[in-house]
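**Q** Just so you know, the protein sequences line up as chains A and B, in that order.
Residue numbering for the first sequence is 3 to 378, as defined by my numbering.
Residue numbering for the second sequence is 19 to 301, as defined by my numbering.
Quick caveat, the hints were computed from the structure, so don't treat them as lab data.
All values derive from a computational prediction rather than experimental measurement.
Note that beta-carbon positions come from the ideal geometry of N, C-alpha and C, so glycine has one too.
Among these hints, one or two may not hold up.
[Stated by the list, open to error] A short, non-exhaustive set of chain A residues, derived as facing chain B with CB atoms under 8 Å:
(1) ALA68
(2) PRO90
(3) ASN96
(4) SER101
(5) TRP365
[Claimed, not checked] A partial selection of chain B residues facing chain A, derived with a Cβ cut-off under 7 Å:
(6) SER187
(7) LEU188
(8) GLU190
(9) ALA191
(10) MET193
(11) ASP194
(12) LEU195
(13) GLY196
(14) ALA197
(15) ARG198
(16) PRO209
(17) ARG291
[Unchecked claim] Far from chain B, some chain A residues (derived; all Cβ distances over 10 Å):
(18) ASP84
(19) GLU92
(20) TYR144
(21) SER227
(22) TYR242
(23) LEU262
(24) GLU266
(25) ARG271
(26) ASP273
(27) GLY286
(28) VAL322
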Amino acid sequence: MNTVSAQRAASTTTAGGPYVRIDRLTKRFGDFVAVRQVSLEISRGEIFCLLGGSGCGKTTLLRMLAGFETPTEGAIFIDGVDVTQVPPYERPVNMMFQSYALFPHMTVAQNVAFGLQQDGTARAEIESRVREMLMLVKLEGYDKRKPHQLSGGQRQRVALARALVKRPKLLLLDEPLGALDKKLREHTQFELVNLQEKLGVTFVIVTHDQEEAMTLASRIGVMRSGEILQVGSPTDIYEYPNSRFVADFIGSVNLTEGTLVEDEPDHVRIDCPQFGGTVYVDHGVSSPPDATLSVAIRPEKIQLTRERPEQADNVLSGVVTGIAYLGDATRYLVRLPTGFMLRVTAPNMFRREERLAHDETVWLHWHASAAVVVTR
Amino acid sequence: MPGRRSLFVLMALGFGFAFLYLPILAMIIYSFNASRLVTVWDAANSPTLAWYVELFQNAQIMESARLSFRIASLNATGAVILGTLAAFALERYRRFRGRALFGLLTTAPMVLPEVITGLSLLLLFVALQDVVPWLGGRGATTITIAHITFSMAYVIVVIQARLATVDRSLEEAAMDLGARPWKVFFVITLPLIMPAIASGWVLAFILSWDDLVITSFVSGPSSTTLPQLVFSKVRLGVSPDINALATILVLIVTVCVVVAGTYMVRLERRRARDAQAAFDPAS
Ligand SMILES: Nc1ncnc2c1ncn2[C@@H]1O[C@H](COP(=O)(O)OP(=O)(O)O)[C@@H](O)[C@H]1O
Ligand SMILES: [Mg+2]
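Isolated chain B, as found in the complex (with noise of 0.2 Å):
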């Protein structure tokens, strides 16, 4: 029984993946093609890397490219700044006034239909815009704080859950030997949440990313993100060069996801050990 058992589950791990990943392999294949013609191989002179060195002698790509990584980066700096102070009032001051309202308000952009947020951001913008001169020519400023508004939720939820596992007594000891509280927080509490920091960031940085509906929303007119870029291009027919800079974009995220990946099991691990060591004499 356990061999037919394990078959089965074989063959389900098997269409899963197919299922999941086929047509990145697909097009990502279909990106090496030499025709013009998306659907039809050219074997004769397949594979090629021309749709590459076209796309990067786009400067219309290349543009978007650069714009689309600096809002990335941005966005996740500045959620991972202010997503580490919501999770630190919401874990360590237990209990302020409306601290439930508070932990609603700022994980629900998680829950919220993306049109719903990028809209209301918008109306905001256009709101503000006379009150606050540089939030009137949307572009580059607002794309990147609607990011953070919504991917701040993300990362509230990941350090928060990793600051729960923070022995509060740590902060106190440090307390008792002199340090001031903000002192605390950087010498003692920052350090050992970094790796939930670490991969907040990754979070928020793919989040921004691949994110076009909220992008679309406030974008301005000089300021076209590579998702959108890719939508209005796809829109016009598929071309081989997009497959191209898809194949490049899962590229990144793949990385990332690898990179960040193992350097979080690593600080994982190392976390757990030094963590379970301090707690427990009696190994």
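Chain A on its own, in the form it takes in the complex (with noise of 0.2 Å):
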């Protein structure tokens, strides 16, 4: 799932300065804040994702950037421009909805032509450029269709033809593949990807998926209760999370709460009473002595063997009491003597192996950089 996102990363360092640059942003319903302080830079030709759970405020913020909310506080920039107060037909901004919102009284051929229409381009030029869109969605010949004749994949290919066919420079979409099954959601995905790569667009893309948002992104914003956590690449949102949130909320993690007893610029070791011993971490941490810290582990980066492990730090043993085979993987359960439930990910790299058992005694150990320490 990674080759489509390092390709991003790759192609839009290439890509200017900030095209979308949003400045303590804020919105509130009544007494209800929604979106808190929200600052942020969007490149040319990204693909930004806003990831956070329900509720968290994505849409406000997104609504915010396509004119349909006035922000209570802060601005926002595009291409230089504030477009705080400029009303949503008048943008250079493109949306797709996320129940699609398809005209249902017009057929596909005259929902995609639209917004060309309001423009009063000429009917010529806005029969070639409908024609050229949804062969680019590869929709040709359902133009005379109405939207309750086609399947749910197509009526999201029409909404993402409706708001390409003026050529944004920003497109927002707002849970794009929410409505789809799981196959034909994998399957658009590196579609969507595609199209963003031929077209140049940028593109904010709102999820709640974070394996969608992994996929998706050249970086990530993680939202919680309306403010941005942590912004970065996939990689450094799984492999570097700044707080217990983020590194809970991406993929699964064995967390757990700590306190320094050797802090050195190049290794620290951390006393975990959950874990029963010590947390060897080769990097420095800034934090006060005495803080409370919380370790993080993802439980690939953690190795089972019957065997007692040759390397004296992080070495642990329990007692297995979870088991699901997942084909790829397996995932394990494992009792620590503490009482402490770890999880781990072993790879099934043969066929045919000696598998751990329920209720057997293992052995687990890690490598000095596979645990993160967070502060928050």
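Take the two lone chains and join them into the complex the hints point to.
**A** This is the structure in structure tokens:
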């Protein structure tokens, strides 16, 4: 899943300065703060994903970019122009709605042509651009159909064509794949990225699906209760989360609290009572001594063995209490003597191997670089 | 048991229908009676269309019918235009000041006794006649205005209910694609609420077509609507041509309701199918 994002990251670095600048944007509904002091910079040609749980303000932020909500505070600049007070019909931005919002009384071609008609584009040009757009989303021959005569995936593509036909510089997509089933979603993710590449449009995508964000995004902004907690490439977010929340929200993680017992510039040692021992980390931590820290270790970075491993640090032992065979990998739940449950994922490298059994006592170990220390 | 039960249901249904429609049926049958005495069936010469022929030759009745039709159509059109605007304001601009009061005021005529509506309108017209001279001579104009004020309330209810089912994101999508608000209204919202507008029009037409009470307050000597004419004739004694006239009125209302009903059902089905399809991509 990282091939696409790697590709994306490579092509974005070549693009120029910030195309969209969001400056301390706040939106209140009455007393409720839906978006709080959000500042962001999005480059030209980038796929930026806003990722967060339901109700965290992603849609509200997107709607402010589209012009449907007026910010309570802050400003939005697109291509250097302050568009904070510009109405939606005058913004160089188009949006693809979560529900698709296709006009039910118009045909596919009329839906796609709608945006161009508002600009008074010549009829012949409208026709050719609609045809071109429908070809791009592989819907030639469907132009006379009404939305109700299309499948879910086809409707999604009409919505995309309609939003792209005006050649916006910025396309906003609210849960673009949320209504599709899993197979179609995976397929469509790649089409979406291909299309974005071909047209060079900047995408801002809202999603609550972390896997989708990892697949599509060149950068991800993780949101929680109206705030952006971390912005970074999928790899950054996954490997170097800056908070317990981000570590926990993206993928699966073992989180425990601890205190610094050894604090050197090139390594630290943290005492984790729940592990019943110390964790050795091969990088320094900038935090006051005696502060409570959290240690995050991804399940796939822990190895399980029957024999005691050679290394001295980062070794624990426990009892297997849960096994989930997933085909490509197996997930284990291991109970430590302290009672703490550790999640471990092991790849199934060999077809025939003697797998661990329930109630078996095993050794766990991980590399000094595996654990991440977060201070909040 | 189900047999007994269904028999009971059938009987209840039968009585219900009989209660509702036997008087009308009797009236229709007697409209073909040759006798001048309404209650005596002249078996020798009936049925006959004589009363209908007489009806169409009666200049006074034809004049009233034309007036009623004109007022009803004008009223329906006016009520639909104003009603749509009011419904739009009530449904789409949720939080303007005085919204609750506005909503109450527009629908009040529905529950207000007709006598009061009629009387207050008459007082208004009388008070205004010095300022607005063309309201002075009460007649078709004042009747139409009066009818619009009370039938608009019904139209608002019908259209507002429909407007509530039109997804706002459709309007937002249109705006996002560059359509200004008024354009969005005409190109997106209006077509989607068309069925409600059509049924609102028919409803307003029928309300005006058979209104007597309010009309009596605001009409002038030169304008007698059909219900007024029927009423004044009946007061002098029921004559068979009234039966014929009433039969025609019933026929017109029935045709309106049936045509509007089937049209509505068809539109409704199509709309439901479209809307469902547009928002349920899983199908
Ligand atoms: N128009 C509104 N009025 C009041 N509250 C709103 C409005 N729109 C959104 N909210 C609230 O703002 C919060 C964030 O909503 P939203 O941006 O839709 O979340 P998300 O898209 O991340 O699920 C929610 O708690 C929601 O109830
Ligand atoms: Mg949302």
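**Q** Indicate, hint by hint, whether the structure satisfies it.
**A** Status of the hints after comparison with the structure:
1. ALA68: For A/ALA68, the interface hint holds, since the closest Cβ of chain B sits about 6 Å away, which is under 8 Å.
2. PRO90: Cβ of A/PRO90 sits 5 Å from chain B, so the hint holds.
3. ASN96: With a closest approach of 6 Å, the A/ASN96 hint holds.
4. SER101: For A/SER101, the interface hint holds, since the closest Cβ of chain B sits about 5 Å away, which is under 8 Å.
5. TRP365: 48 Å, violated
6. SER187: 4 Å, holds
7. LEU188: 5 Å, holds
8. GLU190: Where the cut-off is 7 Å and the nearest Cβ of chain A is about 6 Å from B/GLU190, the hint holds.
9. ALA191: Interface hint status for B/ALA191: holds (4 Å vs cutoff 7 Å).
10. MET193: Hint on B/MET193: holds, closest Cβ of chain A at ~5 Å, below 7 Å.
11. ASP194: 5 Å, holds
12. LEU195: It holds, given that the least Cβ distance between B/LEU195 and chain A is near 4 Å, below 7 Å.
13. GLY196: OK, holds: B/GLY196 within 7 Å of chain A, min 3 Å.
14. ALA197: The hint holds - B/ALA197 has a Cβ within 7 Å of chain A, the shortest such distance being about 5 Å.
15. ARG198: 6 Å, holds
16. PRO209: Status holds, d = 5 Å.
17. ARG291: It holds, given that the least Cβ distance between B/ARG291 and chain A is near 5 Å, below 7 Å.
18. ASP84: For A/ASP84, whose nearest Cβ neighbour in chain B is about 19 Å away, the distance exceeds 10 Å, so it holds.
19. GLU92: Its Cβ does come within 10 Å of chain B, the nearest being 8 Å, so this is violated.
20. TYR144: 14 Å, holds
21. SER227: 24 Å, holds
22. TYR242: Holds: least Cβ distance 37 Å, greater than 10 Å.
23. LEU262: 51 Å, holds
24. GLU266: It holds; A/GLU266 is separated from chain B by about 55 Å at its closest Cβ, greater than 10 Å.
25. ARG271: 53 Å, holds
26. ASP273: Consistent with the label, A/ASP273 stays out of reach of chain B, its closest Cβ about 52 Å off (over 10 Å).
27. GLY286: 49 Å, holds
28. VAL322: 40 Å, holds
Hint compliance for this structure: hints 5, 19 are broken, all remaining hints hold.
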